[in-house]
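*Asks:* Listed below, chain by chain, are the residues.
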Amino acid sequence: MNSIEVKELHKTYAGALQPSLRGLSFTFPEGKVVGLLGPNGAGKTTTISILCGLVKADSGMVRILGEPQEAGRREAIKRIIGVVPQQIALFPQLTALENLTYFGNLYGFKGKPLKEKILSLLGMFGLEKAAGKEVGKFSGGMKRRTNIIAAILHEPRLLVLDEPTAGVDVQSRSMILQFLRRYNEQGNSVLYTSHLLEEAQQICEDVVIIDDGQLVVQGNPQALIHQHQHCRNLEDVFLHYTGHAVRD
Amino acid sequence: MLRTIATIRKEWLLLLRDKAGLALLFLMPVVLITVMAVIQDAPFKDYQEVKFDILTVDNDHGRLGRYIREGLGQSGQFNVIDSLDEKPLSEARAAQLIREGEYKISITIPKGSTGEIVSNANKIVNDISKRMGLPAQLPVKTLASDSLAVQLYFDPAAKKAFKSAIYQALDNFLTQVQTDLLLERIQLQLRRRDSTATDTFPAIRLKAVALKETALGHGRQIDVISNSVQHNVPAWSIFAMFFIVIPIAGNMIREREDGSLVRMKLIPGSYLSILAGKLLFFVGICVVQFYLMMLVGIYVMPLLDLPQLQLGVDHAAGLLTAASIGITATAYGIFIGTIFKTPNQALNFGAISIVILSAIGGIWIPLEVMPEKIQAVGRLSPLSWGLNAINDIYLRNGNIRYILPDITRLLACGLLLLCTAGWIEQRRAG
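Read top to bottom, the protein sequences are chains C and V. Residues in the first sequence are numbered consecutively from -16, following our numbering. Residues in the second sequence are numbered consecutively from 19, following our numbering.
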């Protein structure tokens, strides 16, 4: 089964001069770590928002683990997808435990099993001692790790991460990447966006490079590097396809 | 239900850790209603409760002068001052003191006023006697003065209503003196005609119909009606309840900015259950806030020599009104939090709009004293619906039936605001 199937996706926001997506299509099978890459304004955030059901596409088709992303099926998709937004989507005045308990309650979990699950996840991310500390007082890396825990409380089969390692130290980044590998090894799919192409090259089995709302290229990072003799790494491949012009 | 309860718990924890927010919701309104009730106490008091100094120059030294001085003194509204520095007041000195703003009013009773009134009464009695075939025996001045008048001087800053009250009081004394003297002259003439009944002749009583005020409703005291506490405590409490717009809008915008709103929307289940949790929490806060203010009205105001707040007889209706105001205020906060993108925009618009809605809605001064056109606009303000419902319960001893139209308006307005916010949010999602 495909983890994500996107066909001819079009989207123009109200009042926008240019469309954000112009017939974007890509597919990747279940159980893979895939990088969705592209320069600023390429349409990554719009694509993720449509995949999650936050934004409606003007036309085109989306399937998440076989479920069509349409009005009657959104709740089913929400149960199988976990999203880690780029912002730290937590309440800074609440402790890590209070934040995660709240989001766990929203998923319908409660009581001792929820608390045990949260403490186990906090331990996995090296945050067990910080459970009772307000998130606003956390370091950048601690916030990022707690942000990921909030997205996996319901054990989603597809985890979508929007720049999960932005602004964190080396140790936190290493821990996050290790977690993503482990999560993937358990048979789950991961869609990941980042501007850190070295990191993407390191953990992604497949990358989807988009620009100007369209698919530019899709494939295994190593295979793409080998296709172009002048490219030594994924960054070279990325620049080869998207050009050197600065994007705003 | 778990989602709603979890949201209430989350909002409670957030509020507990927001010391400034707690002060804004509970401490500031207590200070506000106390200050407003104290400073507006004097304008709300009847003239019977406030004593004005009145300079009195009595050049008459007769019955009119005595009547006016005694009448003013007995009314309880005035302190009659007829001498300063142990010297009798002159008209010129009184006028000077008024000009200098030292006093607000002076009256001068001209020389010969009583004689003029007696002469006029005698003339009337003589006329009547003549028509009845009796001899005209009472003395009448040959040259009556047409220009004799009690002279009044007012501070130029005196209000029209104040002047009018003084005019009415003095006019009343003048009429009373003239009537008394006329009746006295008639009695005198009648005694002369029937000399055998001199000692037993009954006094003529002019006043046949009196005025009497009766309170409406059960156990209602007339003097409870619209004093400073009775107006200011509920009115400013409603104003403070609407200020919940600021924390709600700020909270919603922060949730949107930091992505937690997106996270909540990505979790399966209706967002409405989360919104319901927010709504219930903030409505609960509004109700607690309202009753805290009422407790201040009941227990703190008397300590400041102000009247105690009366809550009427139907407490369920009071609770329903407080909850309805809370729903509308919370819905307005959600609406503001939805339409504005930054906390600064929401804070400025929210605060200014509440001040305007409260000013036109009769919170600052009762709607009835405003110009007719402003009253018509003011009746569209949700704050005026809330205040009117509270007045129905607290002042008119009303029950749920009395407040139903205002409650319906408040709830309909709240629903409209929530639906509009929902529609805007949906449009924004594309």
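Worth flagging that the hints you see were computed from the coordinates, not collected in a lab. Just so it is clear, the structure is predicted and the values come from calculations on it, not from any experiment. Beta carbons are placed, not taken as given, at the ideal position from N, Cα and C, and that holds for glycine. Take the hints with a grain of salt, since some may be wrong.
[Unchecked claim] Only some residues are given here: those of chain V computed to face chain C with a beta carbon under 8 Å:
id : residue
1  : 37
2  : 38
3  : 41
4  : 71
5  : 84
6  : 209
7  : 278
8  : 281
9  : 285
10 : 290
11 : 294
12 : 419
[Unchecked claim] List of simulated lysine-lysine pairs, DSS-like, C-alpha gap at most 25 Å:
id : chain 1 : residue 1 : chain 2 : residue 2
13 : C       : 112       : C       : 98
14 : V       : 283       : C       : 98
15 : V       : 129       : V       : 148
16 : V       : 177       : V       : 122
17 : C       : 112       : C       : 100
18 : V       : 283       : C       : 100
19 : V       : 69        : V       : 141
20 : C       : 116       : C       : 93
21 : C       : 39        : V       : 359
22 : C       : 93        : V       : 283
23 : V       : 391       : V       : 177
24 : V       : 37        : C       : 120
25 : C       : 39        : V       : 37
26 : V       : 141       : V       : 105
27 : C       : 116       : V       : 177
28 : C       : 116       : C       : 100
29 : V       : 69        : V       : 283
[Claimed, not checked] Label-pair distances were calculated between CB atoms; the ranges are:
id : chain 1 : residue 1 : chain 2 : residue 2 : range
30 : V       : 366       : C       : 44        : 30 to 38 Å
31 : V       : 302       : C       : 8         : 45 to 53 Å
32 : V       : 367       : C       : 41        : 44 to 52 Å
*Asks:* Checked against the structure, which of the hints given earlier come out wrong?
*Replies:* 1, 2, 3, 4, 5, 6, 10, 11, 12, 15, 19, 25, 26, 27, 29, 30 and 32
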